[in-house]
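Colleague: Chains as they are written, first to last, in our numbering: chain A, 1 to 358; chain B, 1001 to 1293.
Which bits of chain A does chain B cover? Going by a derived footprint, with three or more residues having C-beta under 8 angstroms, they are:
(1) 129 to 137
(2) 303 to 310
(3) 314 to 325
For each label pair, taking beta carbons as the anchor points, the in silico distance ranges come out as:
(4) Arg10/A to Ile1091/B: 37 to 43 angstroms
(5) Asn1219/B to Phe5/A: 57 to 63 angstroms
(6) Val206/A to Pro1127/B: 54 to 60 angstroms
Hints were generated in silico from the structure; no laboratory data involved. All C-beta atoms, glycine included, are put in the ideal place defined by N, C-alpha and C.
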Amino acid sequence: MRYLFRTDYRQDMALWRHKGDLFWYGLLVVGLLVIPMAMGEFYVGELGGLFIFAIAGVSLMLLVGYTGLISLGHSAFLGIGAYVNSVLLAKGVPFIVTLPAAGLFTALCGAAIGWPTLRMSGLYLAIATLAFGSIVGTIFQKWTSVTGGFDGFPVPTPDIFGYPIEGATGIYYVSLLVLIFVIWLTANLLRTPVGRAMVAIRDSEVSAQSMGIHIARYKALAFAISAGMTGLAGALFAHYVRYLAPDAFDVLLSVQFVTIVFVGGLGSIHGAVFGAIFVRLLPQAIAIVRDDLPFGIGRMPGLEPSLFGLVLVLVILFQPGGINGLWLKTKHWFQAFPLKRQASFRRQKSYARSERLK
Amino acid sequence: MEDAARLLQLIVNGAAAGCIYGLIALGFVLIYKATEMVNFAQGEIMMLGAFVAYTLISHFGMSYWAGFLLAICITAVFGYLLDAVVLRRVIGQPQFAVVMLTLGLGFIFRAAAGIGWGYDPVGFNTPFTNRTVGAGSLILGQDNVSIIVGTVVLCGILFVFFSKTRVGVAMQASSQNQLAAYYMGIPVRRIFSLIWAIAAGVAAIAGILLSPVSMIDVNMGFLGIKAFAAAVIGGFGSIPGSVIGGVLVGIVEQLAGYYLPVGFQEVTSNVVLLGMLILRPQGLFAERMGKRV
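Sequences are here, hints too, so could you generate the full structure?
Modeller: Written out as structure tokens, the structure is:
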């Protein structure tokens, strides 16, 4: 078991807790870089999709897990990013410009929707983002001159300095790069006063405000950053699906994103990645066992959403820490062996925090 | 005259649809006022109530009214158990956990209804199906009129219940101040479960009243999203406010469907909702309160 003795404030803020972190994450990145050479096209494509979901998961984690705000409209931001990127590409703008443009424009949309709605309590935000998501979804359908409506929109092949990004491998590497960038950005953000202000808002708005944190500003900032990163994911998503149709960006997708955050474990970047792995693996797992299930359950039309619902319910009721919490518990069990005690991870008694004005 | 009659027709149809939104919103508001939870599965509970009524009336051959009452009771018991078994466990978790929990429950209910009753729309005969009442040049479907009358009667019953009966007053007390209610010997937890039961029962009534107008199917619960607009207009705290809000949303939606191009009708309720949240987040009927730290 490793004990961390801190002798300097810089250690507290460091990106790596110790040299071991640097080694293992470096190994992981090298492994991920090598994978496309060893694996088939299908698996590389699936991993690319996983990275895109992980980007969205990290961005939503910043919002839900670290700032304590809920959004049920992130599929709309994904869609905005996807359409901005594709429409600009079709007009002949290079990919190196359209990708950041998609992120920035989505961030602006996030700020625009966030600023008026964030004065409200969490519940209203959930409802407002739900409404926003469905309005944007309808716009995608009806604004046929730009989005192509239900006929869809073929996404042009992007290129970087003349090298076309083609096939699953191209998307894989670009997504991996963006995912690393997004994680790096989020991890760094959380070490700054801005990130700490967000965590303070999550833990108690009243005390954050008393410490001089401008709540509305930081909430809108968190919303904009989260939306912008989801916009980046959306730009990549467009290349992943290759053919944009408006019905891809529905409420169900937003619920999947929030499922990533909850199942992965609130308040940890690891959790966002774990959650993305879970959400991408579940449909594959269903597809594998579909024919072996009894009573024709496998051929039930609503099987996937209901399983997502069930997992969400079970996680919230019995494992609020999510996969990340489970991992921490397992690690603790081994590290403390044989001294694990019943009380180690016992949940504290908690009380409802009223949002009601009294 | 043609135009005035048509306008009136649209308004009545809108009010009927709006009453359904209002009834679902009423469930949101009841639960929110008492427990500060928002039940995103309210629309799905309405669907379950309608399906239960369908089973009782079409399969067990009960009369419409007997099936109506029994379905309400069954759904209410379901609502009670839902709170007692599931939702009571998440007290103390962040509010968005409850949002996600009820959303997840909604998905499960939809799947369960799909397994139990299939994915094809069904319907049953009611005393109001395909009948009309005429008033001058105005011809109204009895189904729409029954929704409006049913809502008014239900609001009356709820008003009497909350202001005159012991349990109703206890419910008001526990939603105003839990701790004080607890000290006064009110079994707060049971009262909360009872409130869930009432909300579920009201949802079942909405579902059954709606069944002659539109068929019963698994996706009927999506109406719940429109009902949010109703609840927000009402300020998420006032019971008459939510019904009035529902009627407003319904009428605006009908008028938008008639006067605006195709496609606007579906988003009207969402636009109204967002506009309301931006311009007047406290709703039309809520009193303003300050916060004491």
